[in-house]
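These are the residues of each chain, in order.
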Amino acid sequence: MARFILRRILQAAFVLLVMSFVIYSLIGLMPGDPIDIMIASNPGATPELAAALRKIYGLDQPLLSRYGHWLWAAVQGDFGYSRLHSAPVLAVLAPALWQTCKLMLISFTAAVLLAFALGIVAALRPGGPVDALISLFAFAGISVPVFWLALMMILVFAVDLHWFPASGIATVGDGSIRDYARHMVMPVITLALAQTGGFTRFVRASMIESLRSDHVRTARAKGAGEGRVVLVHAFRTALIPVVTVMALNFGSLFGGALLTETMFAQPGMGKMIYDSILGNDYNLALTGLLFATLVTLLSNLLADIAYGWLDPRITLA
Amino acid sequence: MSAAAELVALDRISVQFDLGGGGFLGGRRRVLRAAQDVSFSIAEGETLGLVGESGSGKSTLGNVVAGLQPPSAGTLRFRGRAMDAATWREARRSIQIVFQDPFGALDPRMPVSDIIAEPLRIRCIGSTAGRRARAAELVEQVGLPRDALNRYPHEFSGGQRQRIAIARALAPAPALIVADEPLSALDVSIQSQILNLMKDLQEAHGLAFLFITHDLAVVNHLVDRVAVLYLGRLVELAPRAELFARPSHPYTQALLASVPRIGVRRHRRPAISGEMPSPLAPPPGCVFHPRCPKAQDACRHDVPALAPAPGRPAQLAACHFKD
Amino acid sequence: MSAAVLPRTDAALSVWRLRWRRFRRHRTGMAALAVLALLGIFALAAYPMQWFGGFDPDATDLLARFDPPSAAHWLGTDEAGRDELVRLMVGGQISLLVGLLATVFGGTLGLLIGIPAGYFGGRVDAVLMRFTDGMMSLPLLPLLIVLGAVDLTKLGFSPEFARSGAAGFWRIVVIIAIVDWTSIARIVRAATLAVKERDYVRAARASGAGAADVMLSHVLANVATPIIVSFTLTVGRVILFESVLSFLGFGVVPPTPSWGNMLNNAQELVTTAPALAVYPGLLIFFTVIAANFLGDGLQHAFDPRSER
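As given, the protein sequences belong to chains A, B and C, one line each in that order. If you count by this note's numbering, then the first sequence holds residues 1 to 317, one letter each, in order. If you count by this note's numbering, then the second sequence holds residues 1 to 323, one letter each, in order. If you count by this note's numbering, then the third sequence holds residues 1 to 308, one letter each, in order.
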């Protein structure tokens with residue numbers, strides 16, 4: 001097990017390294033030029049000055065050597081300076097990362113709980129009307145564009161009904177938990193709904209299979225109550241594949257979080273990355289993307305480990 | 001038969017499978033010895049029966065002859081030439097294979113005409129129209145209706161599929177067909193039909209067969225000579241009549257004793273006791289000694305060589321105490 | 001014997017006929033197929049609307065902004081006075097075409113990686129699958145956004161091309177294809193692993209068939225089933241990607257309409273003209289949900305074990 005975890009960590013580290021180079025190269029292909037942007041606000045700038053600046057910042061070097069310098073600084077914790085925020089990248093990134101993790105964790109938990117409830121109920125009578133309704137809901141959840149769902153939520157609950165604020169994370173001057181929670185409701189519901197559909201289908205499929213398995217039929221034959229059969233025997237078997245799939249999906253939540261934050265104007269990683277790309281903030285975009293990759297890789301790593309941990313062949317040994 | 005020219009010969013062929021283990025991750029290295037030191041030859045037009053229990057390595061040897069499994073040691077000869085790339089090119093056309101499971105042997109996505117013509121297409125023999133004509137000819141030869149050509153495998157029964165597989169094997173006019181348990185997946189009533197078909201084809205085309213089976217009773221109907229395999233080793237090689245009349249190796253004797261034959265009272269020979277050891281750890285000396293009623297000290301240490309039985313030069317057996 | 005004597009009779013199609021019969025019993029799958037057909041017709045209806053109805057998706061009319069539905073404009077007009085219905089139709093062509101093309105390209109990439117990985121196994125498999133795993137562990141949307149933001153002139157394309165609508169269209173097709181091929185690659189690999197040990201493949205190899213021959217004549221046909229299901233589901237996902245990217249401004253560039261970028265405009269006007277935000281989103285939603293239901297129905301039809 002330790003060997004397995006170590007190998008997966010090394011693999012993830014390798015993927016991260018490769019991705020850092022890919023992202024570094026891609027950022028260099030984004031529109032605009034850092035020096036042009038820098039001297040645009042300076043009317044007295046001459047081409048000579050631009051060339052000198054280019055030399056100072058090492059921009060006349062070939063790509064690989066620039067990447068090497070960046071990597072060397074990065075492993076020492078120096079990710080450069082954010083142009084848009086006029087602050088070190090890490091200082092901008094840390095609160096955004098925290099904000100995004102909160103959103104992801106809350107909506108992930110909500111999605112998982114909802115999916116378990118719906119999936120189990122649907123699996124009790126496959127093909128019945130309740131199952132059909134839940135399946136329709138699940139398919140709708142998979143198929144709805146997250147940003148459009150957010151837009152519709154804003155339209156209905158913020159613009160028409162005025163139940164919840166349309167954007168931001170808090171009203172200025174109001175520091176109460178209640179105000180804070182009111183701002184989180186719509187983003188969390190949006191992101192959770194987008195995840196619930198896929199999860200529900202997995203729980204349902206896994207439960208149906210488990211309910212048909214021999215050991216569940218044995219439990220029934222022994223006279224265990226239906227509730228006990230479903231919730232203890234069948235559920236425990238169904239849990240392993242479901243947890244793996246859910247954990248693997250935690251990383252993909254990031255894309256949804258990016259959209260949700262952008263739509264509800266919340267200062268998280270997603271919005272930060274989006275703004276930094278639009279605003280030519282190269283350092284911030286680069287680091288933000290790297291952290292997004294890191295979060296995804298880490299959650300996949302945890303999924304793998306969780307799978308090994310839940311697999312009965314390993315736990316029983 | 002002995003006068004006919006040698007078609008394919010196996011010379012001290014061994015096949016090992018490395019099952020991993022050993023090396024960086026530690027653990028014992030495991031090697032499966034599927035065949036060891038096996039030599040025999042097949043003459044033009046001859047039918048050789050390769051008999052053994054499952055796990056004896058008979059299918060592995062069939063794969064070696066069909067070019068699906070490169071041997072770990074030893075040489076394979078085709079018409080007197082050692083198998084190199086050029087010889088294989090010719091041999092691939094002359095050696096075809098028919099498998100056990102008629103349901104897995106035909107591509108479900110291909111119409112029968114394409115299946116039968118495939119060996120020709122692969123070797124780029126003839127035109128598309130010519131190959132179709134050949135497929136039509138073959139489909140009738142194996143006793144299927146013409147309209148089978150446009151159908152797909154799932155529309156046929158097991159016996160019919162085996163006919164299609166045989167037609168495919170016949171397409172490039174081969175000299176040898178390796179038949180890997182071609183009957184064991186079929187109903188008994190169908191088995192004899194396919195057996196008769198193979199006999200007819202052999203007579204019509206002068207085909208040689210390497211007929212792999214676990215069933216000595218089937219062998220009796222078809223083959224010229226029998227090779228008996230046990231745990232990857234050739235234990236007896238003899239003309240059919242001699243082998244059935246007077247088996248030399250104790251294993252062959254035990255095998256024959258278990259075959260019910262009409263009109264012959266079953267001899268009270270001891271049936272084989274115990275199970276075949278794992279090919280991962282074959283016993284030292286004679287591989288059969290743990291189950292052999294005649295086993296002595298020599299059998300536990302020395303591997304017996306294949307040698308003529310007393311007074312019967314055509315009957316070879318690998319036993320220290322052959323009859 | 002000429003080819004004419006051996007026509008592919010109706011028996012030749014019977015595998016597919018069997019599946020079609022099973023699929024037809026799958027009610028939601030059939031409904032999904034009908035919805036997709038209607039959406040396709042809807043998108044193509046832009047042509048007769050333009051040729052015979054005189055509607056122009058790009059004709060602006062600043063005197064008729066945000067018009068409510070009327071006889072002249074059945075769904076009203078947008079912020080530039082353009083006919084909303086015709087723009088939805090043309091946008092549908094773009095969105096559906098992006099969905100199909102990116103899926104075909106991505107699927108081809110998945111085939112090119114999945115089949116060799118499954119067929120050759122060993123080191124080839126290890127390298128290709130580690131690459132696929134690495135790709136799968138990436139945050140797709142952020143990656144797509146960076147790829148969408150890439151300045152084409154820095155890749156050596158002319159500024160005229162980089163600004164053109166065609167560049168925007170092909171860029172989004174290409175970037176989605178190079179990101180979204182992993183699930184097909186994995187499915188194809190698994191199917192190839194199962195096929196390559198079949199006796200019909202061994203028979204072909206015994207006759208001297210090379211790897212390329214076996215992959216083309218046997219493996220490809222036999223992995224078709226899982227691929228078709230996977231393609232259907234991928235089309236839905238790709239259409240979502242397209243809409244997201246176009247919505248964020250990294251995809252299909254205005255004035256070329258797509259359902260995604262029509263929502264981009266509508267977002268800022270959501271209080272003034274909420275209907276403009278509703279229509280394109282609903283169309284995306286119906287397309288994707290229909291694609292998902294279709295994939296589900298096909299899976300049932302192709303899987304002989306599922307009887308419901």
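I should point out that these hints are in silico values taken from the structure, not numbers from a laboratory. Among these hints, one or two may not hold up.
[What the hints assert, rightly or not] Here are a few chain C residues that sit away from chain B, every Cβ distance over 12 Å (derived from the structure):
{"#": "1", "residue": "Y200"}
{"#": "2", "residue": "L220"}
{"#": "3", "residue": "A221"}
[To be verified] Facing chain A, from chain C, some residues (calculated, C-beta under 7 Å):
{"#": "4", "residue": "I41"}
{"#": "5", "residue": "L140"}
{"#": "6", "residue": "D151"}
{"#": "7", "residue": "P274"}
[As the list claims (entries may be wrong)] Each pair of labels, with its calculated beta carbon distance range:
{"#": "8", "chain 1": "C", "residue 1": "A212", "chain 2": "B", "residue 2": "G80", "range": "26 to 34 Å"}
{"#": "9", "chain 1": "B", "residue 1": "F17", "chain 2": "C", "residue 2": "L282", "range": "56 to 64 Å"}
{"#": "10", "chain 1": "C", "residue 1": "L282", "chain 2": "B", "residue 2": "F103", "range": "46 to 54 Å"}
From the three backbone atoms N, C-alpha and C, an ideal C-beta is built for every residue, glycine too.
Self-check item: Interface hint status, L140 of chain C versus chain A (Cβ within 7 Å)
Solution: holds (6 Å)
Exercise. Beyond 12 Å from every chain B Cβ: check whether that's true for L220 of chain C.
Key: Per Cβ check, L220 of chain C is inside 12 Å of chain B; nearest 9 Å; violated.
Quiz item: Taking the minimum C-beta separation from A221 of chain C to chain B, is that value above 12 Å?
Solution: violated (4 Å)
Quiz item: Quick one: are L282 of chain C and F103 of chain B within 46 to 54 Å, going by C-beta?
Solution: holds (49 Å)
Quiz prompt | Status of the P274 of chain C interface restraint (C-beta, 7 Å, chain A) | solution = holds (5 Å)
Quiz item: Do the numbers back the hint for D151 of chain C, that is, is its least Cβ distance to chain A under 7 Å?
Solution: Holds, about 4 Å.
Self-check item: Supplied distance hint 26 to 34 Å, evaluated on CB atoms of A212 of chain C and G80 of chain B
Solution: holds (32 Å)
Quiz item: Holds or violated: I41 of chain C as interface residue toward chain A, Cβ cutoff 7 Å?
Solution: violated (20 Å)
Self-check item: Non-interface claim for Y200 of chain C, where every Cβ of chain B lies beyond 12 Å
Solution: Answer for Y200 of chain C: violated, closest chain B Cβ roughly 4 Å.
Self-check item: Outcome of range test on Cβ distance (F17 of chain B, L282 of chain C; 56 to 64 Å)
Solution: Given a distance of about 60 Å, which is inside 56 to 64 Å, the answer is holds.
Going down the numbered hints, you'll see the structure goes against 1, 2, 3 and 4, while the others check out.
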